[in-house]
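Assemble chains B, C and D onto chain A, guided by the hints.
Protein chains: 4
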Amino acid sequence: MAQAQTNEQMKAQLTETNQRSEVKISEGVTCGGKTLLIVGGPCSVESSEQMHTVAKALNNKGINAIRGGVYKPRTSPYAFQGMGEEGLAILGEISKTYNMPVITEVMSEKHADIAVHTADVLQIGSRNMQNFELLKHIGKLDKPVILKRGLSATLDEFLMAAEYIMAGGNNKVILCERGIRSYDTATRNVLDLGGVVALRQMTHLPIIVDPSHACGKREMVADLARAAIACGADGLMIECHPEPEKSVSDARQAISLEHMLEIVESLVPIAEAVGRKMPVAANTAAKRDAVVSLSLRDAMASELHSIRHEVDRLDATIATLLEKRLLLAMEVGELKAELKLPIRDVKREQDVLDMVVKHCSMPQIAKKVREIYKSIMEASRILQKEEAQEKESKVA
Amino acid sequence: MAQAQTNEQMKAQLTETNQRSEVKISEGVTCGGKTLLIVGGPCSVESSEQMHTVAKALNNKGINAIRGGVYKPRTSPYAFQGMGEEGLAILGEISKTYNMPVITEVMSEKHADIAVHTADVLQIGSRNMQNFELLKHIGKLDKPVILKRGLSATLDEFLMAAEYIMAGGNNKVILCERGIRSYDTATRNVLDLGGVVALRQMTHLPIIVDPSHACGKREMVADLARAAIACGADGLMIECHPEPEKSVSDARQAISLEHMLEIVESLVPIAEAVGRKMPVAANTAAKRDAVVSLSLRDAMASELHSIRHEVDRLDATIATLLEKRLLLAMEVGELKAELKLPIRDVKREQDVLDMVVKHCSMPQIAKKVREIYKSIMEASRILQKEEAQEKESKVA
Amino acid sequence: MAQAQTNEQMKAQLTETNQRSEVKISEGVTCGGKTLLIVGGPCSVESSEQMHTVAKALNNKGINAIRGGVYKPRTSPYAFQGMGEEGLAILGEISKTYNMPVITEVMSEKHADIAVHTADVLQIGSRNMQNFELLKHIGKLDKPVILKRGLSATLDEFLMAAEYIMAGGNNKVILCERGIRSYDTATRNVLDLGGVVALRQMTHLPIIVDPSHACGKREMVADLARAAIACGADGLMIECHPEPEKSVSDARQAISLEHMLEIVESLVPIAEAVGRKMPVAANTAAKRDAVVSLSLRDAMASELHSIRHEVDRLDATIATLLEKRLLLAMEVGELKAELKLPIRDVKREQDVLDMVVKHCSMPQIAKKVREIYKSIMEASRILQKEEAQEKESKVA
Amino acid sequence: MAQAQTNEQMKAQLTETNQRSEVKISEGVTCGGKTLLIVGGPCSVESSEQMHTVAKALNNKGINAIRGGVYKPRTSPYAFQGMGEEGLAILGEISKTYNMPVITEVMSEKHADIAVHTADVLQIGSRNMQNFELLKHIGKLDKPVILKRGLSATLDEFLMAAEYIMAGGNNKVILCERGIRSYDTATRNVLDLGGVVALRQMTHLPIIVDPSHACGKREMVADLARAAIACGADGLMIECHPEPEKSVSDARQAISLEHMLEIVESLVPIAEAVGRKMPVAANTAAKRDAVVSLSLRDAMASELHSIRHEVDRLDATIATLLEKRLLLAMEVGELKAELKLPIRDVKREQDVLDMVVKHCSMPQIAKKVREIYKSIMEASRILQKEEAQEKESKVA
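In order, the protein sequences belong to chains A, B, C and D. So the mapping is simple: this note's numbering equals the position in the first sequence, first residue as 1, plus 5. So the mapping is simple: this note's numbering equals the position in the second sequence, first residue as 1, plus 5. So the mapping is simple: this note's numbering equals the position in the third sequence, first residue as 1, plus 5. So the mapping is simple: this note's numbering equals the position in the fourth sequence, first residue as 1, plus 5.
So that you can see chain A by itself, here it is in the shape it has in the complex (with noise of 0.2 Å):
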C-alpha cells in the first residue's frame, strides 16, 4: 500500500522562497514569468481557412498562442465531436506557418498520444479534471499541460489533479480558472478570481483564465479578462471566431477577431498597473527570427508598421499623463503662491530628476529621459507664472 506523502513534499505547492514557475512552451513563448500568455482562437477547428484567418489576424498583435479543439467534449453524443485528427494536421501547419504555439484538449490516452506531436500544448478539460488515468499518463509525458478546473472542484482538488501530472515527472503544468457552477442562470459560470488570487498564495503554478466559458456570453469577456488580469492572472485564453455567430460549437460566446485585438490593447495599461507585460515585444523579436514565408523587406516594413502603432499607444498614454502632471504643477503653483514659497525648488527639482533616473534600467536612456524631464520641469515652472500672472492682473 502506497504511503501517503505529507503536504511538505507536495510538488505543486508554493514553498517559502515565494518563487513562481514559468512554464516554456515554445522559442520565445512561456507562462508564469513578466510576460502573459495570451491565447485566443475557436472552440473548434472547422478548416484550415478558418485557422489561416485566424491566426494572420492575431500573429504579432499581443496574442502569443493559438487554441482550437479538435477533439470535443460535447454533452450529448449526437453533437459535432471535432475533426480529430484532420483537425491536427491543420493545427501543426498554423503553428509552422506562423510560429505561433498552438494548444489543443485531449480527452482520452490515445488522443494524447496522438497530439503531443503536433501540439505545443495539451489541454484537459474541466469534465476530465479528475480523469485520474488520464493524468498519470499525461505526467508521463514531456509536454506542456493546460489543466482546466472541474466544473465545481476546490482548489485543494484543483491542485491534486495537477500534482497527479506532476507526481509522474511532467512538472509544465498551467492552471485554467474558467468558471465554477453556481444557482444563478444570468451567467454560464461564476468566474471565481478570488480562487485565482488565493491559488496563487497556494501554488507557484502559473494560472490563467478562461473568461469565455466563464460568462459564456460574448458581451462580457472583455470586462471579465480585463479583472483577470488586474487580479494577478498570468495570461487568458479567449475564444474568437472570423464569423463568432456561424461557430459550430459555443457560438454565443466567441467574439470577432477585430473585438479580440481591441480587448487585448485595453490589456496593455492594466497589465502595467500590476508589474506585467503584454506580449507583443517578445513575439516581435521570436518572429524577427522565425519568418520565413515573406520577404524579408516585406517583414520589416510590416514590423515598423506594428512597432509605429505601438508606439502611437504609448505616447496617448504619456500625452494623459504628462497633461495630468502639468495640471498638478499648476496646483502646486497656487498653492505655493498663497503660502508665499518661491515657484522654483531647486532641492526637489533635483529629487524629482534624481527619482526618475532610478526608473529607468538602461542608462543610456536613463540620461535621455532626465533631459526630457528636464524640459517637462520647465514646462511646469512657465505654467505656474502664467498662472501667477493671470491671477495678478485679475485681482488688478
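Quick caveat, the hints were computed from the structure, so don't treat them as lab data. Among the hints, a few may not be true.
Identical copies look the same in the list; a pair holds intra-copy or inter-copy alike.
[Claimed, not checked] Here are the simulated EDC-like cross-link-like pairs (lysine to aspartate or glutamate), alpha carbons at most 16 Å apart as the crow flies:
1) Lys251 / Glu54
2) Lys66 / Glu54
3) Lys141 / Glu114
4) Lys222 / Glu27
5) Lys148 / Asp125
6) Lys222 / Asp255
7) Lys329 / Glu277
8) Lys379 / Asp317
9) Lys329 / Glu315
10) Lys390 / Glu114
11) Lys396 / Glu336
12) Lys329 / Asp118
13) Lys222 / Glu91
14) Lys341 / Glu277
15) Lys66 / Asp350
16) Lys66 / Asp317
17) Lys372 / Glu391
18) Lys341 / Glu328
Showing chains B, C and D alone in chain A's frame:
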C-alpha cells in the same frame, strides 16, 4: 389585487438610451459617474478614538466615504451586537469633522428611522436583501441606500429587491456585490465579478464591490479590489481598521489603514485604464472649502505635500513609459537602417505632435506637452544615431 | 460588550440525554412527539369560501393544521402581496369552526404583533431566516413558531437563527427544511433530507419538511413527502388548493385536496415503519370533544365511516402479509419434506405464539391475537399438507 | 459533421407508454423491477478474507449484490490506489462462491477491458461521468453499468452521459444518485432525492441511490436509505465493512455488517408501502439452485432457518397490525353502542371478507386468509361485547 407591472416599467432596468444613474451622496461625492466611490472603515464602530484614527488616515487620500456598523447582524445572538445609537453619534461627529459622508447598516424599520438623521447612506445587508417590509420602508425615505446582494440571490432577485425600494419613490439605490455562497471553503464567498458585468447590462443603477466580505481574508483584498475596478465597478467598500487583528468582528478580513492607502494608490492606473477617476481631486477641492479644525497654513502645507506625493507617483509611471518609448524608437531606428530609410521622418513627427495635442483637454497645457514631445523626439533621434554609430564601429 | 455564550449553553442544542422537544400547538396537536404534524392549505388565503372548502376537506383526515399566507413575500413588488388583516380574520374563523390550528407567515414586527392574536403558529419565511430584529421580537412572544431554513443557510446558521428566538425566552420553535439553492434547474430547490437527518443529531427541536417549495412541481410532492417521513421528519407542510391551477401564487406546486388526502393515506405505513403515527386518531379524539356545529349523531356516523375506512386499509395490508406468511409456510413445508422433518413442530408454534403476544401492548387484545394466530398456524399446516399431497400425486 | 439527433430519439428518455426498464444483472438479480437491488460491500477490496467475511454476512439476507473497489479514484496521487487486478481476482472468487453478482469501478478503457471478464456490473464514478471517451467505450461492451451522477451534474447532463453509453448499443444502464456539491459542510454532499423523483419522470432507466457517499457519515446512512426507497428509488448501494474504522478509504462513512443487516430489515415495510419488494426471496430461490459448496442438507437447514427468521419478522408486523385492527374494532363498537346499532353487521362482514380475498393473488391461499379473517372478526365481536359489558357494569 395589485396588477403586475410589466417589464418595460421596471424602474431599475437599463433603458435603450444606456443612460447610467449617478447617485449623489453628499456635496462633491457621488456614485455612478466618472469618479469612483471608495468607501473605507471598520466592520464595527468601536469607539470615538478608533473612528477618528480611521477618518484622519483616510481623509483626502483617495477614499471618499467612511463606513462603520452600529447595528451588527451577527450569526449568534450571543456575539457583540453593535454600539447602537452611541455608535451613530460617533459617526455623526466624524461626518462633520472630516466632511466625509458616513455609511451604516440598518436591520429594521426602527433602525432606519433613527439612522436616517445621522447617516449619509443607509446600508441593507445581505441577510435582509429580501426583507421586503424593510425595503418598502426605506423606499419612502429620501436617503441614498447601499443594497447588498443576498448570499445566494440571483441577479433578477437582486434587481427586484432594488425595485421594492424604487417602487416607493426612493431612486437613490447603489447595488453592492459582496460574494455569493459556493461549495469551496478556500474563500469565504465567491466574488461574482461576472455578476457585476452582467448587472451593468441589466440596470442603470451604480454597482460597487465589497472585496472584504467576499474573500474573508485580508491578503486577498487588494487583488480583488483591482479586479473589481478593472471590470467596471463604480466603487469599492473595503473594511480597514487601525489594528485589524483587534477588530471586534470580522477581524480576519480587515486590513490596516496603511494597506488601505496602498491599495487605493495601486488603483489609480487601473481606474484610468477603464476611463474612471479615483476620488482624490474631488476630495481635495471639497476639503479646501471645509477644513476648519486646522490652521489654513498647515492645511495648505499638508496639501502641498500630498499633491507632491501624487506627482512622484505620476513621474515614476511617466519615466517608465518614456524608457519604453525610447527603446521602441531604437528598434525603429534599427529597422530603418536595414530598410535604408532616413532617421528623421518629418511627416511622422508632425503626426505624433498632432496626435499628442489631441489627447490633452486644455489648450494651454497641450501647447506645453507639444514642447515636451519635441524634446522626446529629439532624444529618440539622438539615441538612433548613437545606436547606428555603435553598430558601424562594431562592424568596422 | 456581550460575552460570548459557550456552545454548552446553546438552548437549541441536543444534550447528552437525547431528549427531543415536543412543541404544543393547540389542544391535541403537538409537533415532535410520536404523532406527526401534517399541515395542509393554500399558499395564499384568497377568500373565505376557499378556506372553508380546504378545511372541510382536510379536517379529520390525517391533517392536523391549516396553513394560509396573508402577508406574502413576493420577489416582485408589483405581484399580489396578500390579503393582510382581512385574510387573518378568515383564518381565525377557520380555526374556530373546524377546531384546527392555523399557521401564517409574518414578515415584520408589526405583522407579528397583529397575527399573534389570531394565528396558532407564526411562520418565519426563508427570506427572513436571518432577519435578526424580527427573530428577537418573536423571541419575546409566547407563541409557537415555524422557522424555515434560508435558501442557502448552513445548518449551523439555521440553529443560530432558532437560538435568536430561544434566547428571548420563546422555546416553541419548529424548524422547517424547504429546499436549498443549487445549480440545477430541474427542480426549484434541492430538498436537503440529509440536512434533516443531521439536524436531528444536532438539536432537540422538532423538524418538519415542506416538499412543495422544495421541488416546485406538484407531481413530485408525494414521493418527497414519503421520503421526508421515512428519514425521520416530525411532520410535513404541503401546499394544497381546491383548484391548484387557479392559485394566485405558486400555482405550479400546489396539489388538489384529493391528492393531499391520497398522500396522507400513503404515509400511514411509512410512519409506522419508522415508529411514528399519523394524526388521524388524535384529531378524532379532539374532534369528538369539540365538534359543535354538527348534530352529535351525524358526527358519530361520520366518524364510524372514517374508522371503517381505516380498518379497510389495515385489512388490505394484513391480507397481503398473511398471504406472504402462508407462502413462506409452504416453502417451509417443502423444506421439511425434503429434510424428512414432521410438519408440525409444537415447540416452534409455541415460540411464535409467545412472540406474537409480546408484540401486543394490551393484554386483553393480546389474548385475542393469540387466538387468531392459532388459526393462522392451522391454515399453514393445512396448506403444507395439501402441498405434500399434491406433490405425491404428481410423483405417482 | 454528425447530425443532431432530436429529442424524440433519445434512447434514455421515458416514452409516453411510461414503460420502465429492468436491467438484468445475473440469474435472479435485476434492477428496475418490483424487487429492489440492494448492494453492499466495502469501499475498497483489501483482502480475500475481508471479502469473504462481507459476502458470508450479507448473502441471502436481503442484499443481492456485492461491491468492492479495486481501481480507486483518490483525490491525492499519493493515497492508496486500489489492489488492481489482484482485487479483481478476489471479486471473481466471491461471485462464484456465493453466487452474488459483483460490482466494481473502472476509470479507463484499459480497466474496463480487464474488469469486463470478472465483474457482473461495471461502475463509472462521479469524476468520470463526463469522461466521454470512456462512456463510448463502455457503450460497445455487453455488460450492465452503474453510472454515478457527477458532483455537480444537472439531470440533463446525467441523462446525456447515459445516452453516450446507449448510443453505442449498451442499454443496460443503471443511474446512481450519490449526492451533489453544496455550500454546507455539515454533510459531505447533499443527497438529491428530488433529483431521483424528477429522473423517474424523465427516463425509463432504473435509478439507485448511494447514501454512504452522499452524507459521508455512517450515523446518517440508515435514515437516508429509508428515504431513498420511500421516494421510489430502484435500489441502494451502501458501503459496509467488517471493521469500518479500519477501512483503508472512506472509513468515516462505512457501516458495520450488523448495521447493514439492520438497515435492510428496516426497509421491508417501507418497500412494501411503496409497492416494492426487498430481494430476500429472489436470492433464496437463486441460491437453492446454485449453492454447491455446502452439503445439500446443511444448505436446506440453513435456508429453513433463514425463512423462519423472515416469518418471525412478518409475524411481528402482523401482530402489531392485528392489535391495531382490534382496537379500531373496539372504537367502532363504542360508536355503535351510542348510535344504538347492533354489534354484528353481516353485510359489512361479507364486504370485508370479499375485499380481503381480492388482496390475495393465489386462490388456494385466499381461501385460507378468508378463514383466518373469520376468526379475526369473531375476535372483534367478542371484544366489542366484553367492552359493552364492562361499561354497563361500570354504569351499574
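Here is how each hint holds up against the structure:
In this assembly of identical chains, lysine 251 and glutamate 54 lie within 16 Å of each other by CA distance solely inside one copy; the values are 14 Å within and 58 Å between copies. For the identical chains of this complex, lysine 66 and glutamate 54 are neighbours neither inside a copy (20 Å) nor across copies (55 Å), given an alpha-carbon limit of 16 Å. Taking the shortest Cα distances, lysine 141 and glutamate 114 sit within 16 Å of each other both inside one copy (9 Å) and across copies (14 Å). For the homomeric pair lysine 222 and glutamate 27, neither the shortest alpha-carbon distance inside one copy (31 Å) nor that between copies (27 Å) is at most 16 Å.
Taking the closest pair of Cα atoms, lysine 148 and aspartate 125 come within 16 Å of each other only inside a single copy of the chain (7 Å); across copies the shortest separation is 39 Å, beyond that limit. Only within a single protomer do lysine 222 and aspartate 255 lie at most 16 Å apart by alpha-carbon distance; the minimum there is 9 Å, versus 31 Å between protomers. In this assembly of identical chains, the alpha carbons of lysine 329 and glutamate 277 lie at most 16 Å apart only when taken from different copies (11 Å versus 18 Å within one copy). Within a single copy, lysine 379 and aspartate 317 get their C-alpha atoms only as close as 23 Å, which misses the 16 Å cut-off; across copies the closest is 15 Å, which meets it.
Taking identical chains as interchangeable, the C-alpha atoms of lysine 329 and glutamate 315 lie at most 16 Å apart only when they sit on different chains, with a minimum of 10 Å there against 22 Å within one chain. Taking CA atoms no more than 16 Å apart as the test, lysine 390 paired with glutamate 114 passes in neither setting, with 74 Å inside one copy and 57 Å between copies. In this homomeric assembly, lysine 396 and glutamate 336 come within 16 Å of each other (Cα to Cα) only inside a single copy, at 13 Å, whereas the closest approach across copies is 46 Å. Taking CA atoms no more than 16 Å apart as the test, lysine 329 paired with aspartate 118 passes in neither setting, with 57 Å inside one copy and 44 Å between copies.
Taking the closest pair of Cα atoms, lysine 222 and glutamate 91 never come within 16 Å of each other, the shortest separation being 29 Å inside a single copy and 48 Å across copies. Taking the shortest alpha-carbon separations for lysine 341 and glutamate 277, neither the intra-copy value of 33 Å nor the inter-copy value of 28 Å comes in at or below 16 Å. Taking the closest pair of Cα atoms, lysine 66 and aspartate 350 never come within 16 Å of each other, the shortest separation being 44 Å inside a single copy and 24 Å across copies. For the homomeric pair lysine 66 and aspartate 317, the shortest alpha-carbon distance inside one copy (14 Å) is at most 16 Å, but the shortest distance between copies (32 Å) is not.
Taking identical chains as interchangeable, the C-alpha atoms of lysine 372 and glutamate 391 lie at most 16 Å apart only when they sit on different chains, with a minimum of 13 Å there against 29 Å within one chain. In this homomeric assembly, lysine 341 and glutamate 328 never come within 16 Å of each other (Cα to Cα): the closest approach is 20 Å inside a single copy and 31 Å across copies.
In summary, the numbered hints that this structure violates are 2, 4, 10, 12, 13, 14, 15, 18.
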